[in-house]
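Just remember that the working numbering sits 79 ahead of the position in the sequence shown, which is counted from 1.
One or more of the hints may lead you astray.
Claimed, not checked - Below 25 Å or equal to it, Euclidean Cα-Cα: the simulated PhoX-like pairs (lysine-lysine) are: (1) K129 - K381; (2) K730 - K381; (3) K554 - K583; (4) K534 - K583; (5) K494 - K507; (6) K507 - K534; (7) K730 - K758; (8) K538 - K730; (9) K381 - K554; (10) K554 - K538; (11) K538 - K494; (12) K730 - K554.
None of these hints come from the bench; they were simulated from the model.
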Amino acid sequence: MMERIMHPTPEEHQPNGEPEHQSKSAINGSIARQATIDAFKKLNPVNMVKQPIMFVVWIGCLLAIGYTIFIDEMRGFNLTVSIILFLTVLFANFAESIAEGRGKAQADSLKASKADVMARKRVGQLIQSVSSATLRKGDIVFVRAGEYVPGDGEIIKGLASIDESAITGESAPVIKEAGGDFSSVIGGTLVVSDEIEVRITSNPGESFLDQMIALVEGASRQKTPNELALSTLLTSLTLIFLLVVMTLPVFTNYLGFDLSGPILIALLVCLIPTTIGGLLSAIGIAGMDRVTRFNVIAMSGKAVEAAGDIQTIILDKTGTITFGNRMASEITPVGGRTAEQAFEGAILASLADETPEGRSVLELAELRAMPVEQHWLDGAEIVPFRAETRMSGLNLRDGRRVRKGAGQAIQEWVKEQGGTIPNDLQEKVDAVSRLGGTPLVVAIDATILGVIYLKDTVKPGMRERFDRLREMGIKTVMCTGDNPLTAATIAREAGVDDFVAECKPEDKIRVIQQEQAAGHLVAMTGDGTNDAPALAQADVGLAMNSGTQAAKEAANMIDLDSNPTKIIEVVEIGKQLLMTRGALTTFSIANDVAKYFAIIPAMFMVAIPQMEVLNIMRLDSPTSAILSALIFNAIIIPMLIPLAMRGVTYKPMTADQLLGRNLLIYGLGGVVVPFIGIKIIDVLLASIL
80 MMERIMHPTP EEHQPNGEPE HQSKSAINGS IARQATIDAF KKLNPVNMVK
130 QPIMFVVWIG CLLAIGYTIF IDEMRGFNLT VSIILFLTVL FANFAESIAE
180 GRGKAQADSL KASKADVMAR KRVGQLIQSV SSATLRKGDI VFVRAGEYVP
230 GDGEIIKGLA SIDESAITGE SAPVIKEAGG DFSSVIGGTL VVSDEIEVRI
280 TSNPGESFLD QMIALVEGAS RQKTPNELAL STLLTSLTLI FLLVVMTLPV
330 FTNYLGFDLS GPILIALLVC LIPTTIGGLL SAIGIAGMDR VTRFNVIAMS
380 GKAVEAAGDI QTIILDKTGT ITFGNRMASE ITPVGGRTAE QAFEGAILAS
430 LADETPEGRS VLELAELRAM PVEQHWLDGA EIVPFRAETR MSGLNLRDGR
480 RVRKGAGQAI QEWVKEQGGT IPNDLQEKVD AVSRLGGTPL VVAIDATILG
530 VIYLKDTVKP GMRERFDRLR EMGIKTVMCT GDNPLTAATI AREAGVDDFV
580 AECKPEDKIR VIQQEQAAGH LVAMTGDGTN DAPALAQADV GLAMNSGTQA
630 AKEAANMIDL DSNPTKIIEV VEIGKQLLMT RGALTTFSIA NDVAKYFAII
680 PAMFMVAIPQ MEVLNIMRLD SPTSAILSAL IFNAIIIPML IPLAMRGVTY
730 KPMTADQLLG RNLLIYGLGG VVVPFIGIKI IDVLLASIL
């Protein structure tokens, strides 16, 4: 299936991780109308039993309706209680439906944009035209310029420019080629140039975008461990208060007065944590939705929550902390050689080097008016760069051999030719490293000529971002293949807490395991097949959409924008989810405390006059006190829906500061707001009744 979807570009993202245009229309009219319908559908007992707290309220509502129908005494009061409890349940269902509605609206747009396309499939030695819906894992297809990739796959032959704007929102096409870390393609993307041969890596219904649709519409959402733990706590509190209310008639009979069934039901609803019970599911769904709207696909809610608890982030240097485009900045002669000789060696060694670094050497030479002649390549043997030798160059027609590469590798090669190492070489290499650059040494035969200074620039604002992480209590570790001097300079300039120099793939796993052994949750980013083991080992692995299939399968999050630094924002979104749940739980419990002062003294002060001292709210009557508390209990849920959807604003600070801030705003606020709200409702009821 061909799938086209539109996502916000990175420029549209707000600091809290939500696209601006979507944030403003988070609850639009169509979503609200559908949520209202769904709220009634969710009254089905099969659905209600999944939310124990609201299920208790729903049962209480049905009992109150029964009292209203079959018992003449206090029929008006009983009917009022029934209506308020019904609205309480309905508002809770509405909150969950609103959260689901945003995901469903996005999923519907994805489904509506699906279209079947024809694919050119290889069958033996023939090319057969088939529907993309019939393709299976392992099939080989050919895609030319102007055609859509018919399914998720890996390029096994060719190179092409591919337009992924339908997925990422990024207008610039990306280059994908066989054999590299940028070989995976997604169904529905458009090939702009050339032709590629693709091996399909998913069956129908199992593609990356099929998974995305299921995730955004919440079809595969499971409760997270934190959510389950909180649900268990709230359910336990509900059972405790249920037992208290069930035994209360024995106590009141002893005091000489009876409490009717609806009054006991109203008391129970005011005692149990209905506010957070009604919003808990919505908070979790909205948290997943915020990550999706940030162009990150989280494979589970557990991954989002884990991001909020991250204590260590492993970051690659190149492309993440630095721009990664190392360019020749200077060529310094050594051993008494002239600048012209050093440039000559660097030019010859770079003529056949098609990398950005190699081209930058030639550009620097032309800038310095040094001769660059392509015919020097005539008859020369090209020596490509290899990881084993850590050097590249030419074997010229006249017998000379030119090499450039890592300092240690070139020194060993020169010694093998019987040459000597210039006394000032190490000094020049160390000078480049101290500046944060990468030194490449140039030699012809047994003579070392000079040092190329490759400069890699730290991205603007990285130090401030790492300072922000440090304020959150998060440690940052930079991994790089550079030598220790270069790594230390870049680490110091960027402001990371630690670094691993000359890092190999197994070193990343070792660092992650060491941090995890110390009890820390670890996050990392990656895009290559060699990153897959570390991505799988990390608690939060963020793979780049432009990366290999192996990396994406190993990670538990995929960034559609392929921006390695986005892990920082993902952590903030995870923290925002945890903060929102904690803040509203604090507010709910504080609400309950305020309701105790409203309803309990009013109920008992007739039989126990001494309880008048606890009636600090001076409510009009026991009846108005009960109804006021119930009404406030019902209307506070829809009032908090926008906060549950948007999330509590996160500001970097320590855990102690966060706790103090939450207790002040949502703890104290959770006590003060009900006092004011219940009193206002009581005054209005007193004027009506």
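A quick look at each hint next to the structure:
{"no.": "1", "hint": "K129 - K381", "verdict": "holds (19 Å)"}
{"no.": "2", "hint": "K730 - K381", "verdict": "holds (22 Å)"}
{"no.": "3", "hint": "K554 - K583", "verdict": "holds (20 Å)"}
{"no.": "4", "hint": "K534 - K583", "verdict": "holds (22 Å)"}
{"no.": "5", "hint": "K494 - K507", "verdict": "holds (19 Å)"}
{"no.": "6", "hint": "K507 - K534", "verdict": "holds (14 Å)"}
{"no.": "7", "hint": "K730 - K758", "verdict": "violated (34 Å)"}
{"no.": "8", "hint": "K538 - K730", "verdict": "holds (23 Å)"}
{"no.": "9", "hint": "K381 - K554", "verdict": "holds (21 Å)"}
{"no.": "10", "hint": "K554 - K538", "verdict": "holds (19 Å)"}
{"no.": "11", "hint": "K538 - K494", "verdict": "violated (39 Å)"}
{"no.": "12", "hint": "K730 - K554", "verdict": "holds (17 Å)"}
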